[in-house]
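Student: The primary structure of each chain is shown beneath.
6 protein chains.
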Amino acid sequence: MKVVVSVGGSVLAPDLEADRVSQYAAALEALDDEGHELGVVVGGGPTAREYIQTARELGANEIELDEIGIAVTRLNGRLLIAALDERAAPTPSETYEDGREALRRGDIPVLGGTVAAQTTDAVSAAFAEYVNADLLVYATSVPGVFSADPNVDSAAEKYEEMSADELVDLIADLEMNAGSNAPVDLLAAKVIQRAGMRAIVLDGNDPEAVARAIRTGEHDGTDVLPNGHETDPADWTDA
Amino acid sequence: MKVVVSVGGSVLAPDLEADRVSQYAAALEALDDEGHELGVVVGGGPTAREYIQTARELGANEIELDEIGIAVTRLNGRLLIAALDERAAPTPSETYEDGREALRRGDIPVLGGTVAAQTTDAVSAAFAEYVNADLLVYATSVPGVFSADPNVDSAAEKYEEMSADELVDLIADLEMNAGSNAPVDLLAAKVIQRAGMRAIVLDGNDPEAVARAIRTGEHDGTDVLPNGHETDPADWTDA
Amino acid sequence: MKVVVSVGGSVLAPDLEADRVSQYAAALEALDDEGHELGVVVGGGPTAREYIQTARELGANEIELDEIGIAVTRLNGRLLIAALDERAAPTPSETYEDGREALRRGDIPVLGGTVAAQTTDAVSAAFAEYVNADLLVYATSVPGVFSADPNVDSAAEKYEEMSADELVDLIADLEMNAGSNAPVDLLAAKVIQRAGMRAIVLDGNDPEAVARAIRTGEHDGTDVLPNGHETDPADWTDA
Amino acid sequence: MKVVVSVGGSVLAPDLEADRVSQYAAALEALDDEGHELGVVVGGGPTAREYIQTARELGANEIELDEIGIAVTRLNGRLLIAALDERAAPTPSETYEDGREALRRGDIPVLGGTVAAQTTDAVSAAFAEYVNADLLVYATSVPGVFSADPNVDSAAEKYEEMSADELVDLIADLEMNAGSNAPVDLLAAKVIQRAGMRAIVLDGNDPEAVARAIRTGEHDGTDVLPNGHETDPADWTDA
Amino acid sequence: MKVVVSVGGSVLAPDLEADRVSQYAAALEALDDEGHELGVVVGGGPTAREYIQTARELGANEIELDEIGIAVTRLNGRLLIAALDERAAPTPSETYEDGREALRRGDIPVLGGTVAAQTTDAVSAAFAEYVNADLLVYATSVPGVFSADPNVDSAAEKYEEMSADELVDLIADLEMNAGSNAPVDLLAAKVIQRAGMRAIVLDGNDPEAVARAIRTGEHDGTDVLPNGHETDPADWTDA
Amino acid sequence: MKVVVSVGGSVLAPDLEADRVSQYAAALEALDDEGHELGVVVGGGPTAREYIQTARELGANEIELDEIGIAVTRLNGRLLIAALDERAAPTPSETYEDGREALRRGDIPVLGGTVAAQTTDAVSAAFAEYVNADLLVYATSVPGVFSADPNVDSAAEKYEEMSADELVDLIADLEMNAGSNAPVDLLAAKVIQRAGMRAIVLDGNDPEAVARAIRTGEHDGTDVLPNGHETDPADWTDA
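The listed protein sequences correspond, in order, to chains A, B, C, D, E and F.
Taking full-length UniProt numbering, the leading residue of the first sequence gets 1, the next gets one more, and so forth.
Taking full-length UniProt numbering, the leading residue of the second sequence gets 1, the next gets one more, and so forth.
Taking full-length UniProt numbering, the leading residue of the third sequence gets 1, the next gets one more, and so forth.
Taking full-length UniProt numbering, the leading residue of the fourth sequence gets 1, the next gets one more, and so forth.
Taking full-length UniProt numbering, the leading residue of the fifth sequence gets 1, the next gets one more, and so forth.
Taking full-length UniProt numbering, the leading residue of the sixth sequence gets 1, the next gets one more, and so forth.
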């Protein structure tokens, strides 16, 4: 199966320790051994936030801040590449084309951000669409898609399953309410929708659980199904 | 004044004739002579649509289609560059950095699309933000921002003035309703919002009117004002 | 067999319809399945002519016009790449080196123009020479090499077979007479001559016939043979 | 005046000594001080021939040999850049675009070859056309354009003046006769013809004479005039 | 005066706070206003060390670690660029050529590392040599060049002045003793020596003192003088 | 076994003749056939020295001279590539990353210099470290590592075997004495030391002997062993 895994920066390297990165590499290597074709997109996490905050104080505009964030995602990518050793493309892929070429020659491409004003959420979806992936997995710091921001609203429910249309509507709603954190951003949701691609949003703090979701389809997060696939509201459940 | 002008592809070269491109070049040259610093972003228009349709039939995915669209925007950019002669950077700027360097050395940068999954609407806003433009002008095929799609809903009203927040809300609503054409896309609206940048949306079929809007602030389109600026609903008017 | 196929723009996409491109892709895929190593160079066709005419009116010089033409050849290349799907290198090869690397890793490289003042005829010959191709095929809008321009001179005869020296002499003559269209340009003819490479010039409007020429050597066009190969004037025939 | 000077490799650095390069730099600096806008294209000369011969023995094909030649032209360009110091663009321009940008920011661009299957003669003409030069000067190892190869045919006459059409016809004739050396190649002649550009072909062994030709129009070589300019056959003279 | 300033990463952004970066920007802007031509090379500091340590645990080899370090130096460079605003080249210069071009067009280039196995100490010296700088300033975490590592050996003396030869000998000695920290590395010292360039090594924790050293030549660090310049051992003094 | 071979320019092409290059190609092809993974770094040799001398007279600084030297190393690399034909990456690898990608896809990468202020000695060591080579071979113009410069000091002894620490100490000593030629430079020695990599320094004038050293470990040069490996001073012997 061709899978793109989007690993949030704070999930991959919460405090720049090697452990979590090692675990991700081990999980990806096992999937690679089982014959899956893999691409990875990593986020910026705490280092990105730190640099961005300082640069903002120094007068950088938002696009310049995005460029700093992109540079940090690629630094994080280098950590994962070091851990994946010879299986990964030796440097972070800076464009979708580079990533696709790496995938075609049998390497695991590791991407970070690609361009200002586009999050790694969106990069993940676009890259998955570009390589015609069978599955897109968001390994994030929240354990799925919720009806509201679970950090704010204790009544927020986690979806077990939803359609891409439902995802887009939900994210659009969440983004309209300042302060609400959506698990993926609207552009990512729309790309998922237009591509008719299966996606999973789940807790990325357990790399082995991420691998299991890919291997067996079983996980505690949210399945996003292409529109037209039967979805049963009874499948929805509390978090 | 530093101004980024976003010229839709069907507005710049409706049928690939030289006339309209010449008029745009003349209008931009006059502004350049008056001391304005200018950047231009051009869209894809009919040639892009034609190539994209054919490529879609041939099995290209959406990202590949975006890349084709980007290539056409740069072709259109070459037409404008030819007409602007020595005033323009000699080739279309492929990144925000390239465009910014051109601007700094006194050339008029002409950009097209920059990356898949990002429209030239969004590129225009991001580039304007990147170079700290004073004004962003969308010269489009519709004469402003309407409360609904004027081609569909005869009761659609054109806004004379609105805040960036109002723009974001409106576009988000329009995008939720399939078939409704928004004058700029949601990402562009959000960039305008976060940058606190003045923007104008107006009919691009009269290049001289576009220049006049920049020169005098007078136009028949819609002014988008940074949040916090006083906006008077009484200023809203029918189309 | 290693073959470079030069497909004229008006032959590949006469009116930007998908059909012809699909047929070319099918023909190339069959050859690929049979074990041939393939490289393709595509021309500019009607879209190139349209953009070039407009840019010329706008004051572009010939080199700038060439650059516009090159951009369109690569757009056309993207159509063929879309149709060839995973068999083609994912983006048009912009240099001979890129094309050669694609070929070496088992992809079908699709090139357009490479540099100003060099036609895709010449690019095809140079690329064929660079990769040491066994055969170069020009799939053009005329059905072979004629003793004169068949559109002008009803007495023009099609050659069934000729030497590279004869081709160079003929093209040199044709190019001296303004208004005469040569099937390939002089630089291409000279590269064929110096490389000692077999070439075929034939009607490109039937992709299946192009494939058959490669597969069996049988076709209704003109064989250009390396100098020193026996050529029998009796083989020359009327069109 | 905007001038492109094409300096043959064996003229610029006959035996890799610094003297001739210094003289060229001095001549160009004087012209620069007088307000001329200058671009330079340098050839390969003896080092190129030596490497090419060895690479040919080692099995390189003609395109690979061209690439070696290009690399040497750029090495030679670095010598001239060293001598021109701060007036030149700091590295050889590898494309027409790079050269043009250097020219626009006030540097003297130094180009070598740009792409296989295109001589520095042709590069010079194409670059001159691209930047809309007023004059193109070929500083070569022969003192002008002759009716035949003066090394072979003692009856060869040097033209004092000729039209671009006459140049193209002459070169085409010379190229048809193996062993005849044309002072510029056919592609260069055709670009001169289509661009309607003034050109001078003269002995490059005296850099000061090259500068004088640019400064005063007086020289002992051959003037190539755009078609339509009055040319008087009586002006033709023996060498 | 043309000056290259090498700012250690832990000196520029000891804990990624904006203050120190702001102070450096202010000091550089004042020098820029006074007419000095400036280039800056920034180091990696604590973030580099953190990433490198993690990557080493993950199995990266030394060259890969160098690449990670380089990426961090450029991130740090982006902070300084943000603070310098329009005076700096908009992105970190990745090669000596890029930096030199920025300098020539009047921008302040900000470089980080350029290639593996070469420290930013060496980059600073090489860049200074490349642009023919009048002065190279190392703003480091130690207040000058000492006869031994002052953190280890309480008898270490700071040199007020020394020749390039003496610097090379001293650094060579220090590098032979594991654990001894040299203020600049041996390659840097050798480049200073061969270039015959003035250099200053001083405490970088007070940006204003760095500016004063450039402005007046007065400082509490060590002057490194080109060989042949009179140096008086009596000038040597305790730290 | 993964091996990086560093071939000095005067060893590869003493007088630009094809013979020696052919012999090297043959030796490398044999090793390739036997299953070794090979990377090659070539030096500049006499052509580099000639260009550098001329450029120095013309006023180039040391960094510019290094760039000229790098360009020549890549020219020499093209000779070897021509001779290796389809086994080599088609163009010289300009960065460590490029070289590594070539190696991973089964081609023999040929590198020259990569950046100013870094010799091909150092490039060889760094590239070997980057690709985790098992062995690094210096095929030089001296037949091993000597206790002093054998051209100057008749008492100089050749080491049969030494540790990396001993190599670093020796080279540091030699470099301190102007006029003494070290067989590899200090940076190279230090990289060998830190990488814990086996190295051989031997006479490169007999390519077959170089191949034999790789194949069997037997040679007349010097073995450099990682620290910690048992080394017996009794193994040291006269030249």
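Hints listed in this document are in silico derivations from the structure and should not be mistaken for laboratory results.
Treat the hints loosely; a few may be bogus.
Note: identical chains are not told apart, hence a pair may lie in one copy or across any two.
What the hints assert, rightly or not - Derived pair list, reagent style SDA-like, types lysine to any residue, alpha-carbon separation capped at 20 Å:
#, residue 1, residue 2
1, Lys2, Lys158
2, Lys158, Ala30
3, Lys158, Gln53
4, Lys158, Gln23
5, Lys2, Arg87
6, Lys158, Pro226
7, Lys158, Asp98
8, Lys2, Glu62
9, Lys2, Gly196
10, Lys2, Leu174
11, Lys2, Met176
Student: Within, between, both or neither: how does the pair Lys158, Pro226 come out at a Cα-Cα threshold of 20 Å?
Tutor: within (18 Å within a copy, 36 Å between copies)
Student: If the cut is 20 Å between Cα atoms, do Lys158 and Ala30 qualify within a copy, between copies, both or neither?
Tutor: This pair counts as neither: shortest intra-copy Cα distance 29 Å, inter-copy 50 Å.
Student: Is it within, between, both or neither when you check Lys158 against Gln23 at 20 Å Cα-Cα?
Tutor: neither (26 Å within a copy, 48 Å between copies)
Student: Please sort Lys2 with Met176 into within, between, both or neither, judging by C-alpha distance up to 20 Å.
Tutor: neither (34 Å within a copy, 31 Å between copies)
Student: At 20 Å max between alpha carbons, let me know whether Lys2 reaches Gly196 within a copy, between copies, both or neither.
Tutor: Close inside one copy (15 Å), not across copies (39 Å); limit 20 Å.
Student: Cα distance capped at 20 Å. Does Lys2 pair with Leu174 within a copy, between copies, both, or neither?
Tutor: neither (30 Å within a copy, 35 Å between copies)
Student: Between copies, within a copy, both or neither: which fits Lys158 and Asp98 at Cα up to 20 Å?
Tutor: Neither. Shortest intra-copy (36 Å) and inter-copy (44 Å) distances fail the 20 Å Cα cut-off.
Student: Give the relationship of Lys158 and Gln53 under a CA distance limit of 20 Å: within one copy only, between copies only, both, or neither.
Tutor: neither (31 Å within a copy, 38 Å between copies)
Student: Pop the pair Lys2 and Arg87 into one bin, within, between, both or neither, using alpha-carbon distances up to 20 Å.
Tutor: both (16 Å within a copy, 17 Å between copies)
Student: How would you label the pair Lys2, Glu62 (within, between, both, or neither) given a Cα cut-off of 20 Å?
Tutor: This pair counts as between: shortest inter-copy Cα distance 18 Å, intra-copy 34 Å.
Student: Evaluate Lys2 and Lys158 at a C-alpha cut-off of 20 Å and name the case that applies: within, between, both or neither.
Tutor: Classified as neither: same-chain Cα gap 26 Å, cross-chain 47 Å, threshold 20 Å.
The structure does not agree with the numbered hints 1, 2, 3, 4, 7, 10 and 11 stated previously, though it agrees with the rest.
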